[in-house]
Amino acid sequence: MARSTFVYVIYIRTTPQKLWSALTDGEFMKQYWFGNHCDSQWTVGSSWKNVTGDGQVYDTGEVLEAEPPRRLVIRWQHNNRPELEAEGASRCAMELEPSGTAVKLTITHSIERESSKFIEAVSVGWPKVLSNLKSLLETGSVVLHDPYPGTGR
Amino acid sequence: MTATDRSHFVYVSFIRTTPAKLWQALTDPEFIRQYWFGMTIECGWTKGSPWKLVKPDGHTADIGELLEIDPPRRMVIRWHNEWKPELKAEGPSRCTVEVEPMGSAVKLTITHEIDRPESRLITAVSGGWPLVVSNLKSLLETGQVAVVER
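First to last, the protein sequences are chains H and W. Under our numbering, read the first sequence as residues 1387 to 1539, first letter to last. Under our numbering, read the second sequence as residues 2 to 151, first letter to last.
Read the hints as simulated data drawn from the structure, not as lab findings. Think of the CB as a built atom: it goes at the ideal place given N, C-alpha and C, for glycine as much as any other residue. Heads up, a few of these hints could be off.
What the hints assert, rightly or not - To give a feel for the contact side, a few chain W residues facing chain H, derived at Cβ under 10 Å:
1) R17
2) I33
3) P57
4) T61
5) A62
6) L67
7) L68
8) T97
9) T112
10) W130
11) P131
12) V134
13) N136
14) V149
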């Protein structure tokens, strides 16, 4: 099948409601997404965009499914880097499931093409954003302030 | 060998700690028990040491050998399931653990691979690593794990 997919699972000590709010509240998002935030009404058919701290629109799309606090699916079209934009629209599903004292968050980001450069790019980005989200919810502060920190060398 | 003859799983997490503390967390049997649901690792942590993942009841889940070790940066484990016949039959896998400083944090990369397509072992570890690493990150950052019981 001609598809590229990135899956990331993370367990966060929080509640589904708090995690849903963290995934949809623009001001909260800026704290863990390196100044970026996603702007949407978060209802099916709403437009969606991912905006950088300085106002550039990186990605645009639409909410395909919204079932708070369990499931959110976004049609996600990149708009910043031409070679990624040319790949067309991807689909990003976010699933929240209670798991004992924590919530299991599964991100499945896929596109209908092989060897996607866009999926390669999000595979690097999601672990940073989600590590920050987990730290922010569990400790009150993020783990990375800069998406490309120096290695100290 | 082509990419389709191989199965692999990669998991990256950024943890607010130091490489030395993370290395300690990855190799101290009592600490491991706290974030690995009562399981622990027995190993001498020198190249060629036998390596063993032990269940809370003392049964061996996986066995292997430490193929490479470079504290506090990198270790490679030959990892052979011992517990489930269908996973054991797949033969040994290889697990690489990499620790890199990243600003005020440490990047932990787990790469678990086997030279066969559609591996059930890799499917199994793809479910396990996110639980274990999420717990490890919480334990190092907050003093308690994220998921108390599976």
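Structure-based check of all given hints:
1. R17: 5 Å, holds
2. I33: 17 Å, violated
3. P57: 17 Å, violated
4. T61: 26 Å, violated
5. A62: 20 Å, violated
6. L67: 25 Å, violated
7. L68: Interface hint status for L68 of chain W: violated (25 Å vs cutoff 10 Å).
8. T97: 16 Å, violated
9. T112: 13 Å, violated
10. W130: 9 Å, holds
11. P131: Holds. Min distance 4 Å.
12. V134: 8 Å, holds
13. N136: 7 Å, holds
14. V149: Holds. Min distance 5 Å.
Going down the numbered hints, you'll see the structure goes against 2, 3, 4, 5, 6, 7, 8 and 9, while the others check out.
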